[in-house]
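Trainee: Chain B with the ligands: place on chain A using the hints.
The lines below spell out each chain.
Protein chains: 2
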Amino acid sequence: MRAVIVEAPGDVDVLTLGEADTPTPGPGEVLVRTVASGVNRADILQRQGHYPPPPGVTDIIGLEASGVVERVGEGVERWKEGDEVVALLSGGGYAEFFVAPEGQLIPPPPGVDLVSAAGVLEVAATVLSNLRVGNLAHGEVFLVHGGAGGIGTFATQYAKALGAVVAATAGSEDKLRHCREHGADFAFDYHGDWVSALKEATGGADVILDIIGAKYLEANVKALKKRGRMVVIGLQGGVKGTLNLGLLLSKQATISATSLRFRPAAEKAEICAAVEAQVWPMLGDGRIRLSPETRIAFDDVRAAHELLSGGSNVGKIVLVH
Amino acid sequence: MRAVIVEAPGDVDVLTLGEADTPTPGPGEVLVRTVASGVNRADILQRQGHYPPPPGVTDIIGLEASGVVERVGEGVERWKEGDEVVALLSGGGYAEFFVAPEGQLIPPPPGVDLVSAAGVLEVAATVLSNLRVGNLAHGEVFLVHGGAGGIGTFATQYAKALGAVVAATAGSEDKLRHCREHGADFAFDYHGDWVSALKEATGGADVILDIIGAKYLEANVKALKKRGRMVVIGLQGGVKGTLNLGLLLSKQATISATSLRFRPAAEKAEICAAVEAQVWPMLGDGRIRLSPETRIAFDDVRAAHELLSGGSNVGKIVLVH
Ligand SMILES: NC(=O)c1ccc[n+]([C@@H]2O[C@H](COP(=O)([O-])OP(=O)(O)OC[C@H]3O[C@@H](n4cnc5c(N)ncnc54)[C@H](OP(=O)(O)O)[C@@H]3O)[C@@H](O)[C@H]2O)c1
Ligand SMILES: NC(=O)c1ccc[n+]([C@@H]2O[C@H](COP(=O)([O-])OP(=O)(O)OC[C@H]3O[C@@H](n4cnc5c(N)ncnc54)[C@H](OP(=O)(O)O)[C@@H]3O)[C@@H](O)[C@H]2O)c1
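These protein sequence lines map, in sequence, to chains A and B. For the first sequence, the UniProt record's numbering assigns the number 321 to the last residue and increments by one with no breaks. For the second sequence, the UniProt record's numbering assigns the number 321 to the last residue and increments by one with no breaks.
Extracted from the complex, chain A is given alone in its bound form (with noise of 0.2 Å):
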């Protein structure tokens, strides 16, 4: 099969088509067809070798994929050939053909086709898990790093549909402008006193999304209500920050880091079907709109990842296969 091929770490280059063997399903799992290929920030760590997949996972990159299923293997149920599927991988999505347990795999969103299709599931499992680590509840204020990110637009919507108070962060007008259409209560500008904004808003997050790390680290502590909860999930701001610990103690605060793509299978495939429950529902009555992605062609791999990088893009990159 074609698949994206890196031989070793580094820049774009390093990104080539070539030829793999084509997986074969064991007993679980199924092999699909790739229709598109979700790109993801994760992806260009990965190239360059910042980000290696887990033990046992294909070298190929791609965290997420739609297609069609091509066969099944043993002990399957749900999933039978000609089936149109979306996918959550801890690796191999860029290629012709992907194998994934049969619970890593739903069906499309309704009325979102197969390409686009391609984009949602790993930013949607990533928001549903990681504000269900935080237990975010209704009426609770909610703070998104990022808001017009790909994670905060989502982010937002989704937590608005839980009920919650939304409160986002963004560096630009327009930025800000795209938070509050996508539903956030209060949108701050990240190059200001943003602490103390949320604060007079609304007294402070109950729950906070962070995509930066260590940047905001002490700021994020500040932020917190009492009995707050934050989540990181990104590092775009590095990785060792200072802890005041006692003002985490006076606020009986928590602290939580995870990662989607380190989760067991099992936990994968709960993630997915609480999505089909929960989140696609949200997308086929409109409470959660999806951007416009932007579609590149497979081989044109090299394109998408600077695309990405180069920072202008707005919304989800697609590889059509």
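Rather than coming from a laboratory, the hints here were simulated on the basis of the structure. Among the hints, a few may not be true.
Since the list gives no way to pick one copy over another, a pair counts as held whenever it fits inside one copy or between any two copies.
Claimed, not checked - As a list, the in silico PhoX-like pairs of lysine-lysine whose alpha-carbon atoms are at most 20 Å apart:
#	residue 1	residue 2
1	K222	K240
2	K199	K240
3	K240	K225
4	K199	K80
5	K80	K160
6	K240	K226
7	K215	K240
8	K199	K160
9	K80	K225
Mentor: Quick look at chain B with the ligands alone, frame taken from chain A:
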């Protein structure tokens, strides 16, 4: 009534015996004549002005005490005059009488006299509630720092009773032996590389109960297993530490910081009920053994604080009225 008065924060000399108004039990509250008052590290911090009581709570020091019910307020169902009780307090224990919500009173543990019982509930409630925060399960590895201290000795035995593998740190051969004698499967000198020793012996900790804070933050995160949970309840080693969020993320780990004193009354009542139901039977059948307490006359409160600050005392200190 007689009570310990602190006119201004300071050294032990600011502790003076004086007169205060006997409190009146409001609805749902109970007035208790004190038999003995437990002395805790937090009392020293409060005396020094570093740990003010929560809003609405008396200025009189004292987080736990035992005594005999003198009078009950409106609507109190469980208690009547003459009942023997131990109390978890937000303040007020260093006095001839104290008032507590009825849910923060439980009977003394089976076979423990009222004087010894004055020093048990604060530790028991702290350990039980925080191992719940850490969600310690049967068969998991539990690490407690200061395994020969008040919290540590209790936590070691309680975690063993829950079926955990227990590791403890301590600072001398004597104290390490104390840890083993109270059931620790592993005891590590904290002057050495306890992180490596723990990992070699057990693979790492599922749950850490930490009383050191900043100084151990990096080491504790290293010592955690995947999905580990660390609960910080003391800051003996400082407030601001370095947190490696990358490591936390790769482990999918969680850090919580909590304080028993600042929990709402309803939670304290629930914790007291759990202590009575789960911990008291363990004291009854010897799964948890109390170290002999040091008894000091109420009038010698200064000596009690000096003894605790000095650090040479082993076991609890109680003030006898
Ligand atoms: N742990 C997991 O399971 C998991 C899963 C998926 C994604 N992630 C991580 O989540 C992060 C976001 O992914 P994404 O797909 O949403 O990326 P994205 O669409 O490129 O968004 C990045 C966002 O970061 C914002 N940002 C940059 N600097 C900021 C600052 N100083 N303060 C606040 N926001 C700032 C940007 O806001 P402006 O555009 O307004 O500047 C932008 O919205 C990435 O780090 C990714 O690796 C983690
Ligand atoms: N948040 C809450 O709700 C709550 C409630 C109760 C207590 N606490 C806190 O818990 C802490 C312990 O209380 P306690 O009553 O158990 O005090 P304690 O009996 O005086 O014990 C203190 C312990 O700290 C240990 N220690 C000192 N330096 C250490 C180091 N570098 N590494 C490891 N251990 C070290 C000592 O070990 P060695 O004797 O072997 O040196 C000793 O066992 C205090 O800070 C207290 O304020 C918090």
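Trainee: Does each hint fit the structure? Answer for all of them.
Mentor: Against the structure, the hints come out as follows:
| no. | hint | verdict |
| --- | --- | --- |
| 1 | K222 <-> K240 | both (17 Å within a copy, 13 Å between copies) |
| 2 | K199 <-> K240 | neither (25 Å within a copy, 22 Å between copies) |
| 3 | K240 <-> K225 | between (23 Å within a copy, 19 Å between copies) |
| 4 | K199 <-> K80 | neither (52 Å within a copy, 46 Å between copies) |
| 5 | K80 <-> K160 | neither (36 Å within a copy, 50 Å between copies) |
| 6 | K240 <-> K226 | between (24 Å within a copy, 19 Å between copies) |
| 7 | K215 <-> K240 | both (8 Å within a copy, 15 Å between copies) |
| 8 | K199 <-> K160 | within (19 Å within a copy, 43 Å between copies) |
| 9 | K80 <-> K225 | neither (49 Å within a copy, 40 Å between copies) |
The structure fails hints 2, 4, 5 and 9 (numbered hints given earlier, in ascending order).
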